[in-house]
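Protein chains: 2
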Amino acid sequence: MAKVSPRTLSGFMELSPRDQMKMERMMQVLRESYSLYGFTPLDTPIIESSEVLLAKGGGDTEKQIYRFLKGDSDLALRFDLTVPLAKYVAAHYGELSFPFRRYQIGKVYRGERAQRGRFREFYQADIDVIGDGKLDIMNEAEIPSIIYSVFTKLGLKKFKIKVNNRKILNGFYAMNGMSEKAGEIMRTVDKLDKIGPEKVKQLLIDEVKMLPVKSENVLDFMAIQGDNAYVLSRLEQYRGMDATFDAGLDELIAVTKYLRDFGVPEENFAVDLTIARGLDYYTGTVYETEMTEHPEIGSVCSGGRYDNLAEYYTDKQLPGVGISIGLTRLFYVLNEQGLLSDEIITAPCDALVLPMTGEMGPAVAAATALRRAGVRTQLYGEQKKFKAKMNYADRIGVPYVVLLGEDEIAAGVVSVKDMASGEQQKLSPAEAAAFIRAAVEKRSAGAVIKE
Amino acid sequence: MAKVSPRTLSGFMELSPRDQMKMERMMQVLRESYSLYGFTPLDTPIIESSEVLLAKGGGDTEKQIYRFLKGDSDLALRFDLTVPLAKYVAAHYGELSFPFRRYQIGKVYRGERAQRGRFREFYQADIDVIGDGKLDIMNEAEIPSIIYSVFTKLGLKKFKIKVNNRKILNGFYAMNGMSEKAGEIMRTVDKLDKIGPEKVKQLLIDEVKMLPVKSENVLDFMAIQGDNAYVLSRLEQYRGMDATFDAGLDELIAVTKYLRDFGVPEENFAVDLTIARGLDYYTGTVYETEMTEHPEIGSVCSGGRYDNLAEYYTDKQLPGVGISIGLTRLFYVLNEQGLLSDEIITAPCDALVLPMTGEMGPAVAAATALRRAGVRTQLYGEQKKFKAKMNYADRIGVPYVVLLGEDEIAAGVVSVKDMASGEQQKLSPAEAAAFIRAAVEKRSAGAVIKE
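Taken in order, these protein sequences are the chains called P and Z. Counted from 1, the first sequence has number 156 at position 156 by our numbering; the numbering is strictly sequential. For our numbering, add 451 to where a residue sits in the second sequence, where the first one is 1.
Careful: at least some of the hints might be erroneous.
[Unchecked claim] Taking lysine-lysine pairs in the DSS-like style, the calculated list, with each CA pair at most 25 Å apart, reads:
id: 1; chain 1: Z; residue 1: Lys893; chain 2: Z; residue 2: Lys608
id: 2; chain 1: P; residue 1: Lys384; chain 2: Z; residue 2: Lys708
id: 3; chain 1: Z; residue 1: Lys642; chain 2: P; residue 2: Lys134
id: 4; chain 1: Z; residue 1: Lys521; chain 2: P; residue 2: Lys56
id: 5; chain 1: P; residue 1: Lys257; chain 2: Z; residue 2: Lys835
id: 6; chain 1: Z; residue 1: Lys642; chain 2: Z; residue 2: Lys613
id: 7; chain 1: P; residue 1: Lys389; chain 2: Z; residue 2: Lys608
id: 8; chain 1: P; residue 1: Lys162; chain 2: P; residue 2: Lys199
id: 9; chain 1: Z; residue 1: Lys613; chain 2: P; residue 2: Lys63
id: 10; chain 1: P; residue 1: Lys158; chain 2: P; residue 2: Lys450
These are calculated hints, taken from the structure and not from any lab test.
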């Protein structure tokens, strides 16, 4: 029979069993952390009506969207988790309680040009808090504090959550008479990291058509750097010139104060005036998160405050604040950088029960005792030679093998072999279960990311 | 601005927050149970190349498939998790260790005619064990024993896993000289439940063109019912007439013996000769699972043994056995039947911390203490009147409210209010955390399904 080549599409991540275990571990940390902060899980369809999904108009994203007809229906695959959230909240407004706090971890689709490290199907892991009409500023600090908690639990240490406020930027541009060009300026300033201040200045003059003195004002402002107290004190010098700026500064001061209240160490967050976030809908606090030793990766977690989540679906004013981890890309870069731990158990099981005789009863009993104790256990049932069985144990990387030969069966015990040390001991099934459980728990306590 | 109606496509499940919590609970039980038996999680793309996905030809399924072009690529959404598994195993054969045991819980897509209780996007929760060339019969008993364990943990009691063997059916038809018509006969016999033996007999005579005496043979065979020992003893009477039949009977005897070894009670499994499973690729043991008080629902979990998982992709002989829970449909029918428990906590959090003064520090400290103890905690930060805050607590259904007024802050305590009983007590933050944690754990021990 002619065979079809069993390939996976480029731009679609499909992991080895061991890597998948690490990914699951990350997802479990995310689910638990988001739940711990009182976010409810949401699961929306991957397919939506194109009219609903593209209500806002897609902008740059639109040509990347997977859109197709099925019968008469014009359908599209979601390209983020924010539009489905807006739809959900607008559709169920009457049944929900506000502030509505939801998390969603799900796949989204963008038909980007295929290139290494870029994905067309990827997980986003989002949290958002949506208010009804109003939403307290405290939420704008709690959101990055949750991200701090998540990254810390994942084992990441060297990261910085950069915080800014769009009102400060808009106010600054207004006080300089540059409001109309604010969008263009922000896009140009965004290149600071890549091309440096001199070239940005030249672009501001040549392409944005700014006066040299004004472009210098912009660069001076963006150059304000230092610890959070220093940056805030420098910003105070602009106070009184523009109401929007002042409001933004008050918010930024409140957010930094709350971030300390929430226990986020100073080294893990920084006021950074160069952060703007391209998307139009952010109106206040904005975030990006940098792995401090890998700035080349770009932001691994971004978001901000918006005033109107669902304006394309409802007249209700629904302000919110949210943040998104690009999980597939984060996993990819951590793996590429060798930052994923090999200490955690990535075998399909913690214990492999190997019956050495034809008698299955004692092996089944041992497996049952292990599973009752919460030990992930595989019962090996194939008729193979001892060596082949041990080779299998080696290949799957199982930490413990539980042997049941004639002697063990006669004595009512099992032999537990530690595959790392080679040590072997005879224990009752209950003792074996407790022993392996404790050893496995110890290893499971380690984080998935090492740094 | 003109608004777009925020609708969800028909045939796509989108749950309320409370229902979603129950669904998550079910998924967590599945993930934990499958892991406990040593299955490794797998996550394959939802989009595949149409050539790969339809290598086998789709048959009935083909016209239901979501298939579309993106640029030059002919793409399709997966319609089950078996074809992606076949592709994965064929593509990574050299890196995998066999038996390869994987679980996958994921969405699949079939553009069925929209009707109540039918879904176009639905979760399947699959386990499969794949052998390299050979696979021991023990696996064919372990798979339904895992399903027994899963359903029991979910809280389901009144269910029966029906077991049959395709070799017994094929052997029986062979010994009656009806092999060529076996497919047609099985499809007709499949209607026994719906139209009864008399009409099935008539169809066998009129449409399958069988002699009346032969159609009676078939119906007599299918009418063999009773406890497992009795059915097996009746089957023994056919032994010696057909080698395939005899092989199937040996397998069935082995499977029922192992099922007892694995601790599956007699009332939860039954040898049932009417079970055939339509799909061509099953070659041995087949399963269906019935909710005994709701036979009208049909099988909620089906599968079986196949000889060649990936023959469209590789020459390697890859026998396997697997089973699939149609999770979305199962959730739907349990919900419709009122079988989902309202005892488990479905609020987004276990504790809602309500600051009653402008001072946030103590509230943040209390929330942090609760979270450290594993209590899912929301810190309420909105500036609202007391009554509005308590209304919110009521609406989200949170079991405990933690109040921080001036008195509490001065005394270094918190007031914990049990929202069900109305009882209120003052405790230190650490005591409050331990108290709520214990109460929540007790409630969380309950199963998601009540019967």
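Hint by hint, here is what the structure shows:
{"no.": "1", "hint": "Z:Lys893 - Z:Lys608", "result": "holds (21 Å)"}
{"no.": "2", "hint": "P:Lys384 - Z:Lys708", "result": "holds (22 Å)"}
{"no.": "3", "hint": "Z:Lys642 - P:Lys134", "result": "violated (60 Å)"}
{"no.": "4", "hint": "Z:Lys521 - P:Lys56", "result": "holds (22 Å)"}
{"no.": "5", "hint": "P:Lys257 - Z:Lys835", "result": "holds (22 Å)"}
{"no.": "6", "hint": "Z:Lys642 - Z:Lys613", "result": "holds (17 Å)"}
{"no.": "7", "hint": "P:Lys389 - Z:Lys608", "result": "violated (37 Å)"}
{"no.": "8", "hint": "P:Lys162 - P:Lys199", "result": "holds (24 Å)"}
{"no.": "9", "hint": "Z:Lys613 - P:Lys63", "result": "violated (50 Å)"}
{"no.": "10", "hint": "P:Lys158 - P:Lys450", "result": "holds (11 Å)"}
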